[in-house]
Amino acid sequence: MKKSICMYFQVHQPTRLRQYRFFDIGKDSHYYDGFADRTILRRVADRCYLPMNELLLDLIQRYKGAFKVAFSITGSVMEQFDRYAPEVIDGFRRLAATGAVEFLGETYYHSLASLAHPGEFRHQVEKHAKLMEDTFGRRPVTFRNTELIYSDGIGKLVYDLGFKTMLTEGARHILGWKSPDYVYCDAAQPKLKLLLRNYSLSDDIAFRFSDKGWKDWPLTGEKYLSWLKATEGDVINLFMDYETFGEHQRASTGILDFMRYLPGVILEDGSFEFLTPAQVARKHKAIASLQVQDPVSWADEERDVTAWLGNELQQEAYNKLYDQAEKLALVGDPILWNEFGHLQESDHLYYMCTKFFSDGEVHKYFNPYPSPYEAFINYMNVLSDFIIRIDDAVALKRET
Amino acid sequence: MRVLMFGWEFPPHIAGGLGTACYGIVKGLAYNGVETLFVMPSASGDEDGSVAKIISASDVPVDSFSHSVDEFLDKVRFVRIGSNMIPYVDPGEFHEMVESERRLQQESFTKHIGQKYRFSGRYGSNLMEEVARYAMVGGTIAMEHRDEFDVIHAHDWLTYLAGIAAKELTGKPLVVHVHATSFDRGTEDQIDTRVFDIEKRGMMEADCVVTVSDLTRGIVINKYGIDPAKVVTVHNAVDFSGRENLQVDRGIRDKIVTFLGRITFQKGPEYFIEAAAKVLKRTSGVRFVMAGSGDMMNRCIRHVARLGISDRFHFTGFLRGMEVQKMFAMSDVYVMPSVSEPFGISPLEAMRSNVPSIISFQSGAAEVLKYAFKVDFWDVDAIADCIYALLTYPALSAFAVKQGYDEVNRLKWNAATAKLKHIYESVVSSKGVQ
Chain A
2 MKKSICMYFQ VHQPTRLRQY RFFDIGKDSH YYDGFADRTI LRRVADRCYL
52 PMNELLLDLI QRYKGAFKVA FSITGSVMEQ FDRYAPEVID GFRRLAATGA
102 VEFLGETYYH SLASLAHPGE FRHQVEKHAK LMEDTFGRRP VTFRNTELIY
152 SDGIGKLVYD LGFKTMLTEG ARHILGWKSP DYVYCDAAQP KLKLLLRNYS
202 LSDDIAFRFS DKGWKDWPLT GEKYLSWLKA TEGDVINLFM DYETFGEHQR
252 ASTGILDFMR YLPGVILEDG SFEFLTPAQV ARKHKAIASL QVQDPVSWAD
302 EERDVTAWLG NELQQEAYNK LYDQAEKLAL VGDPILWNEF GHLQESDHLY
352 YMCTKFFSDG EVHKYFNPYP SPYEAFINYM NVLSDFIIRI DDAVALKRET
Chain B
15 MRVLMFGWEF PPHIAGGLGT ACYGIVKGLA YNGVETLFVM PSASGDEDGS
65 VAKIISASDV PVDSFSHSVD EFLDKVRFVR IGSNMIPYVD PGEFHEMVES
115 ERRLQQESFT KHIGQKYRFS GRYGSNLMEE VARYAMVGGT IAMEHRDEFD
165 VIHAHDWLTY LAGIAAKELT GKPLVVHVHA TSFDRGTEDQ IDTRVFDIEK
215 RGMMEADCVV TVSDLTRGIV INKYGIDPAK VVTVHNAVDF SGRENLQVDR
265 GIRDKIVTFL GRITFQKGPE YFIEAAAKVL KRTSGVRFVM AGSGDMMNRC
315 IRHVARLGIS DRFHFTGFLR GMEVQKMFAM SDVYVMPSVS EPFGISPLEA
365 MRSNVPSIIS FQSGAAEVLK YAFKVDFWDV DAIADCIYAL LTYPALSAFA
415 VKQGYDEVNR LKWNAATAKL KHIYESVVSS KGVQ
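Residue numbers (the working numbering), protein chains in the order written: chain A, 2 to 401; chain B, 15 to 448.
Please note: incorrect hints may appear among the correct ones.
The calculated DSSO-like cross-link candidates involving lysine-lysine, where the alpha carbons are at most 30 Å apart (straight line), are [what the hints assert, rightly or not]:
{"id": "1", "chain 1": "B", "residue 1": "Lys-384", "chain 2": "A", "residue 2": "Lys-328"}
{"id": "2", "chain 1": "B", "residue 1": "Lys-244", "chain 2": "B", "residue 2": "Lys-433"}
{"id": "3", "chain 1": "B", "residue 1": "Lys-130", "chain 2": "B", "residue 2": "Lys-269"}
{"id": "4", "chain 1": "A", "residue 1": "Lys-28", "chain 2": "B", "residue 2": "Lys-295"}
{"id": "5", "chain 1": "A", "residue 1": "Lys-28", "chain 2": "B", "residue 2": "Lys-244"}
{"id": "6", "chain 1": "B", "residue 1": "Lys-384", "chain 2": "B", "residue 2": "Lys-269"}
{"id": "7", "chain 1": "A", "residue 1": "Lys-179", "chain 2": "A", "residue 2": "Lys-192"}
{"id": "8", "chain 1": "B", "residue 1": "Lys-269", "chain 2": "A", "residue 2": "Lys-398"}
{"id": "9", "chain 1": "B", "residue 1": "Lys-292", "chain 2": "A", "residue 2": "Lys-328"}
{"id": "10", "chain 1": "B", "residue 1": "Lys-269", "chain 2": "A", "residue 2": "Lys-28"}
{"id": "11", "chain 1": "A", "residue 1": "Lys-28", "chain 2": "B", "residue 2": "Lys-292"}
{"id": "12", "chain 1": "B", "residue 1": "Lys-269", "chain 2": "A", "residue 2": "Lys-328"}
{"id": "13", "chain 1": "A", "residue 1": "Lys-131", "chain 2": "A", "residue 2": "Lys-157"}
{"id": "14", "chain 1": "A", "residue 1": "Lys-398", "chain 2": "B", "residue 2": "Lys-295"}
Here's a subset of chain A near chain B, in silico, CB distances under 7 Å, partners left out [what the hints assert, rightly or not]:
{"id": "15", "residue": "Phe-23"}
{"id": "16", "residue": "Tyr-370"}
{"id": "17", "residue": "Ile-378"}
{"id": "18", "residue": "Ile-388"}
Label-pair ranges, simulated between beta-carbon atoms [stated by the list, open to error]:
{"id": "19", "chain 1": "A", "residue 1": "Ser-253", "chain 2": "B", "residue 2": "Arg-117", "range": "54 to 62 Å"}
{"id": "20", "chain 1": "B", "residue 1": "Leu-410", "chain 2": "A", "residue 2": "Asp-242", "range": "42 to 50 Å"}
{"id": "21", "chain 1": "B", "residue 1": "Gly-322", "chain 2": "A", "residue 2": "Glu-88", "range": "44 to 52 Å"}
{"id": "22", "chain 1": "B", "residue 1": "Arg-208", "chain 2": "A", "residue 2": "Pro-369", "range": "39 to 47 Å"}
{"id": "23", "chain 1": "B", "residue 1": "Asp-309", "chain 2": "A", "residue 2": "Glu-303", "range": "26 to 34 Å"}
{"id": "24", "chain 1": "A", "residue 1": "Pro-369", "chain 2": "B", "residue 2": "His-27", "range": "26 to 34 Å"}
{"id": "25", "chain 1": "B", "residue 1": "Asp-393", "chain 2": "A", "residue 2": "Asp-242", "range": "50 to 58 Å"}
{"id": "26", "chain 1": "A", "residue 1": "Asp-83", "chain 2": "B", "residue 2": "Asn-423", "range": "55 to 63 Å"}
{"id": "27", "chain 1": "B", "residue 1": "Leu-410", "chain 2": "A", "residue 2": "Asp-334", "range": "38 to 46 Å"}
{"id": "28", "chain 1": "A", "residue 1": "Arg-43", "chain 2": "B", "residue 2": "Thr-207", "range": "50 to 58 Å"}
{"id": "29", "chain 1": "A", "residue 1": "Arg-209", "chain 2": "B", "residue 2": "Trp-392", "range": "48 to 56 Å"}
{"id": "30", "chain 1": "A", "residue 1": "Asp-334", "chain 2": "B", "residue 2": "Arg-296", "range": "26 to 34 Å"}
{"id": "31", "chain 1": "A", "residue 1": "Arg-390", "chain 2": "B", "residue 2": "Arg-296", "range": "19 to 27 Å"}
In short, the hints are calculated from the structure, not lab data. Don't be surprised by glycine CBs; every beta carbon is placed ideally from N, CA and C.
Given only the sequences and the hints, what does the whole structure look like? Please build it.
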């Protein structure tokens, strides 16, 4: 039996906040930096989204569907595509039409709602599923939670929403001696299959590809194939950010050429086949169940949720934000719901991370603020204004 | 009466409160018939020249007015700053070092004769060098203008060496004005000893030491060991002339309680946070604002987050220009819980903007303000009590606003500088106060 290779790419851009000062609270309820969003999105579209969509379409056509990939595209970035680069959506539509591409389900706002508020989580997953169905014609059947966050509790939520497969991190502390290269299942819901990221082989492409200090630099298709072949197991899950190709790793590093060449090398070898997550889950039996009490994720060395909730600033912002959910339900104002969604984007909490020493570099790369403290102040100022609006709406509702 | 005054800054270009105070003093002195020659490291030309003749030290070359460099150095005994300390030397080596220092000093001074030095006039990393150069140029200026003044007046340690040089060269009496001491800048075990040495030397060589409060007078006497007979308090005043109170449209309906200043240990920001948490437990409809920046800011942000009050406690960062006025205009209560504050002009500004103020007993302003609420900086319960009362009892805050406004308007530089003039007269006539 051929071994399976499952490639999934994450597509997301945060809705960035403008510099929002204390003096704006109660006066100006425009929170976002549309200019930064547009500038960055256009840049990433030119460097990554547009050329990569073309490249993948070519590959799928050239190998007549033998090459397959999956995408998870957040609602937040879809809104930005719609506004600033609609041609990217056209590219995804063309990919969808080939039938060789699966689109996964996730939270619409790339949020941590799975940890905070089951009701809000269901709402966002539903909203995202509808967007995917409307855009690409198919409702997602595989789920990937924000930053691959997973735990037993989240597994139940996801299963109850009708998903049969879920992606998460092959974190060493949940696997122990086990290999990520098999299909597992949720401990309580054996029908929910789990695909685990092979972080070593994924990060060889996503992080190390252009690192000239790396002993295996430069990485070639043949070299990568030899590593794939040395791997035991049923499936190799290569999960990474789509922006790896052209943005995090610039085209000048050769990453796009590598990607253009790799599928051919793998397919010619004959011992592998490309499958999408749903196909992997259908083909392979779960060999064991996994028990995960505390949430895991694909972030940082710890592979837990401390990148977003590790310090008191992040916890405070997170608690204060989700405290609003009840009041919002009472009001039911779509504009406020929309703001609530964007303020839930996990990126806002990520900017407040103070883990500077091990993964600080990665955090800095993605952070528009000079310090986590400034990120916190700005966010809390916005949140304070938002809370005033909610309270006003609640008061109005009570009056009428 | 004519005075040669050494300052570090002068409006409109100011970084701290010293420039504002100097302006008030010079204006007040003019009102009292005292002529001032005001020397500063670097003037920009847009200073108010109607109240004093402004001399920019950057425009004055160090001159060879003395017969020889040796004579000059002998008289002025410069503290050469920036030399490295070396521990454990035997007497021979020590002598060698002192001699080479002396040669270096001569060389560097000779090199500077006839040269102008471009002062930055800021508080940068080569501050010590600027202070020493300022003294050299200060001496030159004093000699050039020796017939145009009767007394020398130096503001804070930055200018003390210049004051000393002027006194040594002209023999005229020296008044040093203490706006702040090293003990207000750092905790006792971490004061900058180089600064302390200059401060102490200035106070020792002065004929009279003027302090901005009795609190500072106590520090000068007890920590610097200065003879109480020559230490006199002249409380600061504040010049509100030509200032209209700002009208702002506040977006927030809640009452606002404000802390405004550098967020450093001396200003007691953490007591403000603790008091805020206590008030927020009892009442809603209030927000707290910490305006400013400083080395304790990040710690304070964490503290607020830990207490879980970040939705009602805001940080603005450093406020520029009109934003300060705007902040006062938005405030309902002002709190200054300083651990050590030589004077503290900000509660006066607050009261002038119709904001009732709560200040610590450990501030000089507490000595002159009757209608500010006074508490010990560490007494978080008392601070919370006062805030709560001012927020909850309109009669109390209305009273504090009205009386406070009148009170600060009565604190005039004209009265304070009359006292200064009297000090000048006594040092000139007897070279000693009273």
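For each hint, the structure was consulted:
no.: 1; hint: B:Lys-384 / A:Lys-328; in the structure: 46 Å, violated
no.: 2; hint: B:Lys-244 / B:Lys-433; in the structure: 14 Å, holds
no.: 3; hint: B:Lys-130 / B:Lys-269; in the structure: 54 Å, violated
no.: 4; hint: A:Lys-28 / B:Lys-295; in the structure: 26 Å, holds
no.: 5; hint: A:Lys-28 / B:Lys-244; in the structure: 55 Å, violated
no.: 6; hint: B:Lys-384 / B:Lys-269; in the structure: 24 Å, holds
no.: 7; hint: A:Lys-179 / A:Lys-192; in the structure: 20 Å, holds
no.: 8; hint: B:Lys-269 / A:Lys-398; in the structure: 24 Å, holds
no.: 9; hint: B:Lys-292 / A:Lys-328; in the structure: 25 Å, holds
no.: 10; hint: B:Lys-269 / A:Lys-28; in the structure: 15 Å, holds
no.: 11; hint: A:Lys-28 / B:Lys-292; in the structure: 28 Å, holds
no.: 12; hint: B:Lys-269 / A:Lys-328; in the structure: 23 Å, holds
no.: 13; hint: A:Lys-131 / A:Lys-157; in the structure: 21 Å, holds
no.: 14; hint: A:Lys-398 / B:Lys-295; in the structure: 26 Å, holds
no.: 15; hint: Phe-23; in the structure: 4 Å, holds
no.: 16; hint: Tyr-370; in the structure: 12 Å, violated
no.: 17; hint: Ile-378; in the structure: 5 Å, holds
no.: 18; hint: Ile-388; in the structure: 6 Å, holds
no.: 19; hint: A:Ser-253 / B:Arg-117: 54 to 62 Å; in the structure: 59 Å, holds
no.: 20; hint: B:Leu-410 / A:Asp-242: 42 to 50 Å; in the structure: 59 Å, violated
no.: 21; hint: B:Gly-322 / A:Glu-88: 44 to 52 Å; in the structure: 46 Å, holds
no.: 22; hint: B:Arg-208 / A:Pro-369: 39 to 47 Å; in the structure: 41 Å, holds
no.: 23; hint: B:Asp-309 / A:Glu-303: 26 to 34 Å; in the structure: 30 Å, holds
no.: 24; hint: A:Pro-369 / B:His-27: 26 to 34 Å; in the structure: 33 Å, holds
no.: 25; hint: B:Asp-393 / A:Asp-242: 50 to 58 Å; in the structure: 54 Å, holds
no.: 26; hint: A:Asp-83 / B:Asn-423: 55 to 63 Å; in the structure: 60 Å, holds
no.: 27; hint: B:Leu-410 / A:Asp-334: 38 to 46 Å; in the structure: 39 Å, holds
no.: 28; hint: A:Arg-43 / B:Thr-207: 50 to 58 Å; in the structure: 57 Å, holds
no.: 29; hint: A:Arg-209 / B:Trp-392: 48 to 56 Å; in the structure: 55 Å, holds
no.: 30; hint: A:Asp-334 / B:Arg-296: 26 to 34 Å; in the structure: 31 Å, holds
no.: 31; hint: A:Arg-390 / B:Arg-296: 19 to 27 Å; in the structure: 25 Å, holds
Going down the numbered hints, you'll see the structure goes against 1, 3, 5, 16, 20, while the others check out.
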